[in-house]
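Asks: Protein chains in written order, with the numbering used here: chain E, 1 to 49; chain A, 1 to 221; chain P, 1 to 203; chain Z, 1 to 247.
Quick caveat, the hints were computed from the structure, so don't treat them as lab data. Ideal Cβ positions, reconstructed from N, Cα and C, are used throughout, including at glycine. Among the clues, some could well be false.
[What the hints assert, rightly or not] Label-pair distances were calculated between CB atoms; the ranges are:
#, chain 1, residue 1, chain 2, residue 2, range
1, Z, I44, E, F11, 19 to 27 Å
2, Z, W126, A, G124, 31 to 39 Å
3, Z, S70, P, Q7, 44 to 52 Å
4, Z, K17, A, K17, 58 to 66 Å
5, P, T58, Z, K17, 21 to 29 Å
6, A, I210, Z, K21, 37 to 45 Å
7, P, Q119, A, N2, 29 to 37 Å
8, E, E47, Z, L32, 37 to 45 Å
9, A, R217, Z, I44, 55 to 63 Å
10, Z, Q50, A, I210, 46 to 54 Å
11, P, D167, A, R217, 34 to 42 Å
12, Z, K240, P, Q119, 54 to 62 Å
Spelled out, the chains give:
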Amino acid sequence: MDIFSMGDYGFFVWSSFLISFIVFLINYISAQRMFTSVLNEVKLHDENE
Amino acid sequence: MNIYQQLFLRDLKVSIKRWSDLLTGIIMFALVAFIFPLIAGSDQDFMHRIIGPVILLSSLLASLISMQNIFKPDLNNGSLEQLVLSTHSLSGLVFIKILSYWISSSLPLVVVSSLIASAYYVTGIDIAKVMLTVLLATTTLVNINSLAAALTLGVRYPGALMTLILFPLSLPILIFGSKAIEYSILGMDISGPFYFLTGMMLLSFSLGPIATAFAIRISID
Amino acid sequence: MQSDVLQLDSASLFRDDQLIFSDISFELKSGDHLIIKGNNGSGKTSLIRTLCGLTQLTEGCVLWNHAPIDTISSDYYNHLAYLAHTNGLIPELTLLENLTYSLHKTDLDKDHSVLEGFQLKHSIQSPVATLSNGQSRKAALSFIIMSGKSLWVFDEPYANLDSQSIDYLNQRIAAHLSNNGMVITSTNREEVIPTTNLEITMS
Amino acid sequence: MNLKQIYKYGSPPNYFKLSLKAENWFVIPGILLIIVGCLGGLFIAPPDYQMGDAFRIIYFHVPSAYLSMSAYAYMAGAALVGIVWRSNVAFSVAKSIAPFGASLTFLAIVTGMLWGKPMWGTAWVWDARLTSQFILLLLYLGYILLHLSIREQRKADLAASILALTGVINLPIIHYSVIWWNTLHQASTISKLSSPSITGDMLWPLLVMIFGYGFFFWGVICRIAASEILKREKRSKWAKEYIKELE
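Here chain E stands alone, though its shape is the one from the complex (with noise of 0.2 Å):
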């Protein structure tokens, strides 16, 4: 059974496959972003105080 054609459907499997993978992506880096940055306005706001 070919792996890309997916009997010709490939197409839409595999964009569906990435489009899940990339916003799983996003939301992951976006969370840990998000942590960091929030620290570092934690520490800025900590010695300014």
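Could you slot chains A, P and Z onto chain E? The hints should help.
Replies: Structure of chains A, P and Z alone, referenced to chain E:
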């Protein structure tokens, strides 16, 4: 005269004095309804098919236009704070405020909708059904409007936000309202949609004022 | 009027992470007049709004007769009359309509002596929109004086008032205090107000 | 210290530490489950007799559709707890669910359209589920936009929570009014997006994917909620101690 009657009369008198704001809603309602046949064709069965959606959509647009002046003017002149500071429950006072706003803004729409229905070749008892649908639909719309207005009191440019809040919550009313009008014109049994509209009216008049009162307390903070 | 007491113990308010005021305490008994001094933007209005329960404190709480006001708000509001920067009058209605439809317990509708004191008698039929700032300020003041409530809270009452009205206002406040009433006033000017015995200065 | 205070002050520090620790306990199993589910769904499961390999899109559509709906319910639940006990923890959880929920709804719509293209030739089909997914996306966007447009954090939390609760009350009404409207217009074909009755090799990857999505979702939510809590409790001493520990 207890405080609720006082507030009711005061709000009615104020909305009469602010007739220009009411007029914008009525003009929007009549305008959209009259423009549709001009641009989309005006043969009878086509107009019978589109009268339901047109009437509901124009009442939604009319309520959207005049949504600003439910609480904003009272916030600016300070009477909303006096309302919050009254000994009576804010939900009751807000219910009266919404009721008087509904009477001043939506009852004219019911009257105008009879003219529009006759312009759409609707005859006899169906005009009364169309008016009843607008009556029932605007009650729920006015509650969702006042909740959205109360939530966005503190926001500087609330236009887009209000529409975004209003549209999903008013979708069931639009669907069942246009079906109610369509069934009444086709002569089919209209009890289903009307039960739904009445149910939504009762739900929104019972929960709406409580949520709106809480939203006002938050926005005034 | 039996003796009520309004207490505030170590109250502080933050807007997100901006400090508005911190650790303010006072106790106001019947017959006291508290003056809140401070220049613009020092948090006077925020403090007054927390006293009226419109704004939530971040720490500490407001006690009316030793009970927090958000649990007994309807009883507390029975005694409270609040004058904000905005006068709470509806511009479209006339002064008389505002009076009759006002939400305070105005059982003194007929006797307009306070309005005479503020020389507003002649403009009672004119819409509030046509009144000047000073006049509508005096009208709002007279509503509170006529409301018959025991705790008066004024936010900068002396702004744009002429001297004759200021004397009349002080006179009425003195009468109210002698009648076991309580008054809280905020001002950003330094002039001494005769009847005050409690003072808070906001930094 | 009445009940409100206990909830307000007591839980943020230990919730913060708990959620940071719990994050990896959710994310790693989530990722493993998703990998296994993808392998199972894309390769092991036999092609559907009617739709061929295109049916494999349900492994991406059904979990995201299902999770987007339940995420809205979790958000509304957290909002309710936040309003009743005025607890910053609940508001942080509610606020952190919204962006992920919105992206899940977006995923459900896109994969639904990708499913529709090969099946019926048009990407957007006025099917009841796809339309109510779109309405759900609008509800999420309304929540997020309301939260962003109110400056003060506490007021934004409370106002957005009211919108979340109003939304969750209206969600079933909207869903069934769309279904009722949908059955009027089209002949009663099978509901296009309900997964056909599949068993055995087709079914287990779907369940694995659903659990994988759920674990990953909660893992990311723990991380976002932790940062939201830290942002709200910036002034408290446990936040300062945490910063000192890091240095």
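Asks: Hint by hint, say whether it matches the structure.
Replies: Results for each hint:
1. Against the hinted window of 19 to 27 Å, the Cβ-Cβ separation of Z/I44 and E/F11 comes to about 21 Å, which satisfies the hint.
2. Our hint of 31 to 39 Å for Z/W126 and A/G124 holds, since their Cβ atoms are close to 34 Å apart.
3. At roughly 47 Å, the beta-carbon separation of Z/S70 and P/Q7 lies within the given 44 to 52 Å, and the hint holds.
4. At roughly 59 Å, the beta carbons of Z/K17 and A/K17 sit within the given window of 58 to 66 Å.
5. For the pair P/T58 and Z/K17, the beta carbons lie near 24 Å from each other, so the given range of 21 to 29 Å is met.
6. The hint said 37 to 45 Å for the Cβ distance between A/I210 and Z/K21, and at roughly 39 Å that hint holds.
7. P/Q119 and A/N2 have their C-beta atoms about 33 Å apart, which keeps the hinted 29 to 37 Å range intact.
8. In this structure, E/E47 and Z/L32 meet the distance hint of 37 to 45 Å, their C-beta atoms being roughly 41 Å apart.
9. At roughly 57 Å, the beta carbons of A/R217 and Z/I44 sit within the given window of 55 to 63 Å.
10. Judged by the Cβ atoms, the range 46 to 54 Å given for Z/Q50 and A/I210 holds: they are separated by roughly 50 Å.
11. Between P/D167 and A/R217 the Cβ separation comes to about 38 Å, which falls inside the hinted range of 34 to 42 Å.
12. At about 58 Å, the CB distance of Z/K240 to P/Q119 agrees with the hint of 54 to 62 Å.
The structure meets every hint from the earlier list without exception.
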